[in-house]
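Visitor: In order, the protein sequences belong to chains S and E. Taking our numbering, the leading residue of the first sequence gets 1, the next gets one more, and so forth. Taking our numbering, the leading residue of the second sequence gets 1, the next gets one more, and so forth.
Some hints here could point you the wrong way.
[Stated by the list, open to error] Computed cross-link-like contacts, DSS-like style, restricted to lysine-lysine with a CA-CA straight-line distance of at most 25 Å:
1. E/284 / S/284
2. E/297 / E/284
3. S/284 / S/321
4. S/126 / S/101
5. S/321 / E/284
6. E/321 / S/284
7. S/126 / E/126
8. S/284 / S/297
9. E/284 / E/321
10. S/97 / S/220
11. E/284 / E/97
12. E/126 / E/101
If you are wondering where the hints come from, they were derived from the structure by calculation, not from laboratory data. Computed from a predicted model, the values in this text were never measured in an experiment.
Protein chains: 2
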Amino acid sequence: MPDNPTLIEVTRGRLVESSHRGAVAVVDDQGRVLLALGDVARPIYPRSAVKALQAIPLVESGAADAFGLDDSELAIACASHSGDAVHIAAVRSLLAKAGLKESQLACGAHWPMSERATQELLRAGKSPQAIHNNCSGKHAGMLATAVHRGLDSRGYEQPEHGVQEAIRRILSEICGVALARQDMGIDGCSVPSFALPLAALAAGFARLGRGAGMTPERKKAAQRLMRACFAAPELVAGEGRFDTIVMHALGDAAFVKGGAEGIHCASLPGLGLGLAVKVDDGTKRGTEMVLAHVLAKLVAGADRTLAGPLDGEIRNWRGLKVGRLQPSPELEIALRALPRLNAAAAASAPR
Amino acid sequence: MPDNPTLIEVTRGRLVESSHRGAVAVVDDQGRVLLALGDVARPIYPRSAVKALQAIPLVESGAADAFGLDDSELAIACASHSGDAVHIAAVRSLLAKAGLKESQLACGAHWPMSERATQELLRAGKSPQAIHNNCSGKHAGMLATAVHRGLDSRGYEQPEHGVQEAIRRILSEICGVALARQDMGIDGCSVPSFALPLAALAAGFARLGRGAGMTPERKKAAQRLMRACFAAPELVAGEGRFDTIVMHALGDAAFVKGGAEGIHCASLPGLGLGLAVKVDDGTKRGTEMVLAHVLAKLVAGADRTLAGPLDGEIRNWRGLKVGRLQPSPELEIALRALPRLNAAAAASAPR
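Next comes chain S alone, as it looks inside the complex:
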């Protein structure tokens, strides 16, 4: 496999102690590649970064309307949530409106990402359930779709189930890649994840923003889901987490969603652009820092509003500054070339 460049350096003292390699793609919703740093053609699993795309059947099928789902229930269907009370309440509400039970969730259980929620479970002498899984909202949405469409609710997570088949078709159409069963891996929460090139994933996120190339129904569904996420960024991830912080900071300028193993995507509806980052080693610290720097270049004012995510200071247990996370020279050079390209693309893209 070709070598991806170093994107992020982790310094300590005078040295680069660790580093994160990877690839970045910025594509507009006409499929034009504005930035391709590293191997953007190699297939990668999009994992939880595509939850908003995986939620499209929930709206497009009419299930969301039939069950009277509100923004918080749609946002949680797109979420990798922290398992705090607000998230659990939204998942329970979605399940209840669709006449479903927690025991039907096939995602498996893990301790909440939220320390507070974990501590509350521990204090109560409880163990985590499927509802605490960061994917429980996505699973609730898939279940609701199955029920609304009159499909078997059992096995909704299996690749041959109608809900997963619909998701495969939607991902194929939006990203412009014919995804097949052989491209499939099984995600942490047991649903399929279909591998596709990073550039295609970025193109899909570009189209998500303004509905380019979508049927009117799909465009309406996609925009309703993004609006739900913009209305409640704290539901999409959780307190103190990257996606929530960035969407709070940038408003509806950027829909941002990360996934496991170093995947992160963003859609910039105002610019008609999509971004996708994959860090080779799968570490979150590298991935989030790359995305923060790309967003800071593309979104006007984001270099100031994203001061938190862009702050790479590493402090030790006593609070001493011991190092920094910083963009590599390769990433800096690539980003310097970006604004000119971006301005040209934005001017020529349909509004």
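Given the structure of chain S, go ahead and fit chain E onto it with the hints provided.
Guide: Then chain E, alone, in the frame of chain S:
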């Protein structure tokens, strides 16, 4: 910086989803390099991997004898412990014998690595203290050394303090590199970490095993510390953790110690060999898997006794097998060449 090869692949479905690059050095105690995969000349911070070397002044200065320290107190001085009751007890005992208080520890506080210990603190409504820091035993040993030598116990963690100066000289002598203040980074627990080439670090671990090139006093101190760790591997790390599992499995065939940011070292006293691994991205999963595979090649029978650490199966939240951590082709090829070299070196090395 030259490109290090991929050492570990992380698969999902039919694809390599993530990968970990790095360097590996295997050196004998005469300084002969048996394996140099990747850049073994670039300086890296050894972090907590050298805690046993950092503990040498505690014994060599006579402090351990003067305070009547036993194996458990010496093992905890070499440890990155989990913060379980057994670890806290050993640190407290070391402090008490030297007439020291917990409040003198300069390592800063973090939640115990042990989930059980964290849950116990939470249930008791307590927050973590410096004693729960995985480095508290090392700090207690440094403090005891300072007190025994009549040095100020305040500032014992500062680079100019006599204890840290002694450690810098000892690391320089054992690893055969003149370490200077400009090579220094500050560790997570606030003591200096001096950068040195991976090959030199491996050579230092080779010499640690049989005391090659050491004064009789230093050899005695080093061997006493290693014996203490072999006597209680559960103190050096903790239940379920790599170093403890490996030392339980291999007995006194291998002293193994990891550090932050992807550093891991081993000393094989029986073979007079030292190993050092640095994974570029700093992730533990990559580093431990590399070391397990190198040990499995070098130590007779270790391919069976290390079945646990060598098992790369990745299971998701429902227990489904979704992928594997496995050695890269580059690492496999390098390891295939190793046993012949090793057999030759072991035959010619002094016993």
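Visitor: For every hint, state whether the structure bears it out.
Guide: Evaluation of the provided hints:
With a C-alpha separation of about 14 Å, the suggested pair residue 284 of chain E and residue 284 of chain S falls inside the 25 Å cut-off, and the hint holds. A threshold of 25 Å between alpha carbons decides the hint, and for residue 297 of chain E with residue 284 of chain E the separation of about 20 Å falls inside it, so the pair holds. Note on residue 284 of chain S and residue 321 of chain S: the hinted pairing holds, with a Cα-Cα distance of about 21 Å set against a maximum of 25 Å. The hinted pair formed by residue 126 of chain S and residue 101 of chain S meets the criterion: a straight-line CA distance of about 19 Å does not exceed 25 Å.
At most 25 Å may separate the alpha-carbon atoms for a hinted pair to count; residue 321 of chain S and residue 284 of chain E meet this at roughly 23 Å. For the hint pairing residue 321 of chain E with residue 284 of chain S, the CA-to-CA distance comes to about 23 Å; that is within 25 Å, so the pair holds. Annotation: proposed proximity of residue 126 of chain S to residue 126 of chain E holds, straight-line Cα distance about 19 Å (limit 25 Å). Note on residue 284 of chain S and residue 297 of chain S: the hinted pairing holds, with a Cα-Cα distance of about 20 Å set against a maximum of 25 Å.
Taking the CA atoms of residue 284 of chain E and residue 321 of chain E, the gap is near 21 Å; set against the 25 Å cutoff, the hint holds. For a cut-off of 25 Å, the pair hint linking residue 97 of chain S to residue 220 of chain S stands: about 22 Å separates their Cα positions. Distance restraint check for residue 284 of chain E and residue 97 of chain E: the Cα-Cα separation of roughly 34 Å exceeds the 25 Å cut-off, and the hinted pair is therefore not satisfied. Restraint check: the Cα-Cα separation between residue 126 of chain E and residue 101 of chain E comes to about 19 Å, which is no more than 25 Å; the hinted pair holds.
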